[in-house]
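Take a look at the letters that make up each chain.
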Amino acid sequence: MDTAIVPFLNDKGKPYQYLYIQVDITAKKETEEAIKAANENLKISVDRLNEAQKIGNLGSWLLDMKTNKALRTPEFYKIFESSMAEFPTTVEGHLVFYHPEDRKKIYRTYLKALKDHQPYQCEARLVMKDGTIKNVIGNGRCVVDEDGELIRMYGTIQDITERKKTELELERSVDELKKSNLELDKFVYSVSHDLRVPLSSMLGLIDITTEQTPIDVVHFHLGMIKTNIKKLDGFIADILDYSRNSRTEIRKEKINFKDLLDDITQNLKFMGADKREVDIKINISDKAPFHSDKTRLSFILNNLVSNAIRYQNTENPHPIVDIMIDTTESEIGIAVKDNGIGIKKELQPKIFDMFYRVSSESVGSGLGLYIVQEAVNKLNGIIAVESEVGEGSTFTIKIPNNN
Amino acid sequence: MNQNAENLIFHKVLVIDDNETDRYIADFSMHRYKFAEEVVLQDSGRKALEYLLSLENATDELPEFIFLDIRMPMMDGFEFLEEYEKLPEVVKKTCVIMMLSTSLNPADHKRAESNPYVKKFLTKPLDKDKMDELKQEFLRG
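Chains A and B supply the protein sequences, listed in that same order.
Just so you know, our numbering puts 252 at position 252 of the first sequence, and the rest follows in order with no gaps.
Just so you know, our numbering puts 476 at position 73 of the second sequence, and the rest follows in order with no gaps.
No wet-lab data here; the hints were simulated from the structure.
Some clues are possibly wrong.
[Stated by the list, open to error] Calculated lysine-lysine pairs in the BS3-like style (CA-CA distance at most 25 Å, straight line):
1. Lys344/A to Lys523/B
2. Lys450/B to Lys350/A
3. Lys186/A to Lys513/B
4. Lys531/B to Lys186/A
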């Protein structure tokens with residue numbers, strides 16, 4: 001109940017009568033409470049909306065075409081890293097937020113919607129004040145009155161930078177996967193071919209060797225079969241090295257270059273043409289202990305040194321292989337220098353390619369230097385070659401020191 | 404039929420192969436099975452092209468058959484064919500090219516078959532049966 005007492009005053013200002021009003025305000029009370037409750041509900045709804053928009057990185061907006069007044073949610077401003085006070089009042093004005101290459105597209109989409117009143121969707125990039133790029137997707141709807149006049153536009157803008165990043169990564173890994181599948185296909189064909197070459201050669205040799213074949217020719221054929229078996233064996237060893245290098249984890253340990261090189265050179269000394277001895281000079285300057293993957297280092301050195309011996313210049317009476325090791329706190333430098341046959345300038349970029357052989361005199365599988373380069377890459381190093389035909393070749397490697 | 408094949412023989416055959424053993428086998432078996440009177444061996448496409456070009460004015464000396472390997476360093480069989488196309492007409496008219504390879508790659512087969520200069524795709528090793536078949540097909544014709 002609401003009560004009011006109204007006094008009536010006489011000439012002297014004294015009350016002579018009172019009016020007593022009593023009103024039943026139950027209804028009013030109820031209305032007030034309902035409004036209060038509705039306001040609370042509204043507040044909860046708005047909070048929820050803002051919360052949902054925050055979680056979804058999605059802001060929304062509404063534009064009254066008659067008054068040109070716009071309503072935007074907090075998340076909207078957050079995406080644009082702007083505020084209500086700062087945000088441009090015109091559609092044209094807010095184009096500055098977009099990437100210069102995307103502005104035209106955004107504006108065209110807006111103009112088209114003004115004309116055809118159709119829903120639209122548009123992806124674009126925003127450029128933030130600090131230069132970072134955000135990927136956003138905008139959706140818009142148009143509201144028309146009964147005369148077909150556009151009265152309102154509303155829509156959303158969502159920050160999809162993370163999703164976009166994932167999408168790009170996914171695309172990239174799909175591309176990589178496609179590429180590696182293709183490479184695997186090629187690899188399998190190449191490997192099966194190179195495995196079959198010595199086999200079919202041996203089969204051919206056996207075919208042409210019969211009871212009537214003179215014994216010295218039979219021995220000659222056996223010698224050729226042996227060469228092919230060695231070739232096959234070497235190729236299989238190379239394939240294993242390839243697989244080991246690409247699959248095995250890098251294991252770091254302190255490297256003793258003297259022991260490592262002694263092992264390698266002892267085994268390789270007499271492998272050259274005519275089995276003549278090659279003068280192998282080792283020059284180690286370890287100013288700092290070097291930690292790296294011993295298996296890979298050994299593989300790299302073994303290949304470079306054996307190439308240096310294999311491709312020695314038979315016209316040179318004194319074949320030399322110079323091995324220089326120089327370690328510092330930050331990196332290691334390896335150089336393997338020979339006075340062998342050398343490599344033509346135009347062929348130098350190709351020698352690290354898979355299955356590449358320089359000429360029919362190349363006895364290897366065409367995998368050695370490819371795996372060397374792969375192994376150097378695994379150790380985050382770089383490899384380069386300098387060579388002059390008839391003078392010799394120098395392979396240099398730099399690998400960071402991981403101590 | 405086989406009896407006839409025994410008596411037929413090609414005059415000259417060119418073998419292009421980087422593999423030493425395979426060149427030897429080709430040479431040995433072509434002589435042994437009387438496939439050709441003369442077998443010329445070249446270990447690279449480049450040298451083979453030079454050889455063919457040198458016979459431009461001695462067409463009688465041109466080989467009737469060229470056995471071409473596919474996988475070779477520097478210039479592979481297909482690269483050879485590209486260069487072969489530029490050779491004088493008389494060379495191309497005289498010679499018949501056979502691909503002789505270990506390749507099981509269908510792409511290689513397809514590529515060889517679509518080349519106008521390649522008559523056949525043969526798989527190594529080249530044995531007596533294959534040579535007899537070639538004789539039947541090309542010498543009796």
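Checked hints:
| no. | hint | result |
| --- | --- | --- |
| 1 | Lys344/A to Lys523/B | violated (35 Å) |
| 2 | Lys450/B to Lys350/A | holds (21 Å) |
| 3 | Lys186/A to Lys513/B | holds (16 Å) |
| 4 | Lys531/B to Lys186/A | violated (32 Å) |
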